[in-house]
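A.B. asks: Same order as they appear, the protein sequences are chains P and R. Residue numbers for the first sequence follow this note's numbering, so the first one is 385 and each next one is one higher. Residue numbers for the second sequence follow this note's numbering, so the first one is 347 and each next one is one higher.
None of these hints come from the bench; they were simulated from the model. In this text, all values refer to a predicted model and were calculated from it rather than measured experimentally. Careful, some of the hints might be misleading.
[To be verified] So these bits of chain R aren't anywhere near chain P, every CB distance computed over 12 angstroms:
no. : residue
1   : VAL349
2   : SER361
3   : THR363
4   : ASP373
5   : TYR382
6   : LEU392
7   : GLY399
8   : GLU405
9   : ASP411
10  : SER419
11  : LEU420
12  : HIS431
13  : ARG443
14  : PHE450
[As the list claims (entries may be wrong)] Partner residues aside, some chain P positions facing chain R, computed with beta carbon under 8 angstroms:
no. : residue
15  : PRO424
16  : GLY425
17  : ARG451
18  : ASN484
19  : GLY490
20  : GLY491
Ideal Cβ positions, reconstructed from N, Cα and C, are used throughout, including at glycine.
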Amino acid sequence: GNSVTQMEGPVTLSEEAFLTINCTYTATGYPSLFWYVQYPGEGLQLLLKATKADDKGSNKGFEATYRKETTSFHLEKGSVQVSDSAVYFCALTKAPAAGNKLTFGGGTRVLVKP
Amino acid sequence: GAVVSQHPSWVICKSGTSVKIECRSLDFQATTMFWYRQFPKQSLMLMATSNEGSKATYEQGVEKDKFLINHASLTLSTLTVTSAHPEDSSFYICSARGRDGLFFGPGTRLTVL
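Using the sequences and the hints given, assemble the complete structure.
C.D. replies: So, in structure tokens, the structure goes:
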């Protein structure tokens with residue numbers, strides 16, 4: 385079956401540091417890949433996505449590239465802010481057939497200190 | 347953007363009682379809603395897919411008689427945990443699919459004593 389593995393947290397950084405959260409997946413075919421972010425007390429929000437190999441998703445300074453050869457979708461941001469403190473989830477779906485049925489990684493808590 | 351609410355945000359109940367959790371799409375119609383369960387420091391596990399006006403589709407290993415799902419309208423789905431036990435304590439999250447995408451509720455923390 386499908387699975388997503390992401391690095392365990394918490395990840396603690398200083399403001400303006402470089403952030404990388406590793407994510408690898410196991411799936412047949414060509415899944416769509418996502419990063420979701422959950423801020424304290426809020427629901428998950430879509431951060432970025434990529435639907436085919438070599439696509440790069442980007443949003444709010446975050447980037448992730450769909451690497452089929454390494455089955456990875458690592459999240460990066462060059463200079464984090466305190467407001468980036470949140471839990472980040474990598475996910476995949478075999479959409480459209482799956483109809484948005486998502487398989488999530490375990491989540492990575494990121495804490496950015498001023 | 348589209349908003350999904352859940353009620354209650356947290357609930358504590360005694361073992362053996364039933365608890366109902368509501369998931370509402372506030373400003374859009376959701377033909378499909380998903381219910382997830384999240385254990386501490388673990389991933390979200392899909393429990394069931396709920397389509398308006400039809401029976402929910404449960405994932406393997408999820409007891410349909412224990413976790414009753416009703417999707418009676420295009421803006422409301424409910425999850426009822428029947429005869430709750432301490433092992434049912436968890437964080438329950440719903441998501442709703444609308445025309446503009448998939449949106450998540452803030453979650454409901456259930457603690458069964």
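A.B. asks: Compare the structure with each hint and give your call.
C.D. replies: Hint by hint, here is what the structure shows:
Once the 12 angstroms rule is applied to beta carbons, VAL349 of chain R is inconsistent with being away from chain P; the minimum gap is 9 angstroms. At roughly 28 angstroms from the closest C-beta of chain P, the C-beta of SER361 of chain R stays outside 12 angstroms, upholding its exclusion from the interface. In this structure THR363 of chain R is separated from chain P by more than 12 angstroms, as the shortest Cβ-Cβ distance comes to about 26 angstroms. Remark: the non-interface label on ASP373 of chain R is consistent with the geometry, its nearest Cβ contact in chain P lying 14 angstroms away (cut-off 12 angstroms).
Once the 12 angstroms rule is applied to beta carbons, TYR382 of chain R is inconsistent with being away from chain P; the minimum gap is 8 angstroms. For LEU392 of chain R, the requirement that its beta carbon stay farther than 12 angstroms from each beta carbon of chain P is not met, with the minimum near 6 angstroms. For GLY399 of chain R, the shortest C-beta to C-beta distance to chain P comes to about 16 angstroms, beyond the 12 angstroms cut-off, and the non-interface label holds. A Cβ of chain P approaches the Cβ of GLU405 of chain R within 12 angstroms, the least distance being about 9 angstroms, so the stated non-interface status is violated.
Against chain P, the non-interface label of ASP411 of chain R holds: every CB pair exceeds 12 angstroms, the least being about 22 angstroms. With a cut of 12 angstroms on Cβ distances, SER419 of chain R stays outside the contact zone with chain P, its closest approach being about 19 angstroms. For LEU420 of chain R, the non-interface assignment is confirmed: its Cβ lies about 16 angstroms from the closest Cβ of chain P, beyond the 12 angstroms cut-off. With a cut of 12 angstroms on Cβ distances, HIS431 of chain R stays outside the contact zone with chain P, its closest approach being about 24 angstroms.
The non-interface label for ARG443 of chain R is inconsistent with chain P: the shortest C-beta to C-beta separation is roughly 5 angstroms, within 12 angstroms. Residue-level check failed: PHE450 of chain R sits 4 angstroms from the nearest beta carbon of chain P, not beyond 12 angstroms. For PRO424 of chain P, the suggested interface contact is broken, since its CB lies about 10 angstroms from the closest CB of chain R, more than 8 angstroms. Look at GLY425 of chain P: its Cβ gets to within about 7 angstroms of chain R, closer than 8 angstroms, so that hint holds up.
A distance limit of 8 angstroms between C-beta atoms decides the matter here; for ARG451 of chain P the minimum to chain R is near 21 angstroms, and the interface restraint is violated. The closest approach between the C-beta of ASN484 of chain P and any C-beta of chain R is roughly 5 angstroms, which is under the 8 angstroms cut-off, so the hint is satisfied. Interface hint at GLY490 of chain P: satisfied, since its Cβ lies 4 angstroms from the closest Cβ of chain R, which is below the 8 angstroms cut-off. Proximity of GLY491 of chain P to chain R holds as hinted, the smallest CB-CB distance being about 6 angstroms (cut-off 8 angstroms).
This entry does not satisfy hints 1, 5, 6, 8, 13, 14, 15, 17, going by the numbered hints stated previously.
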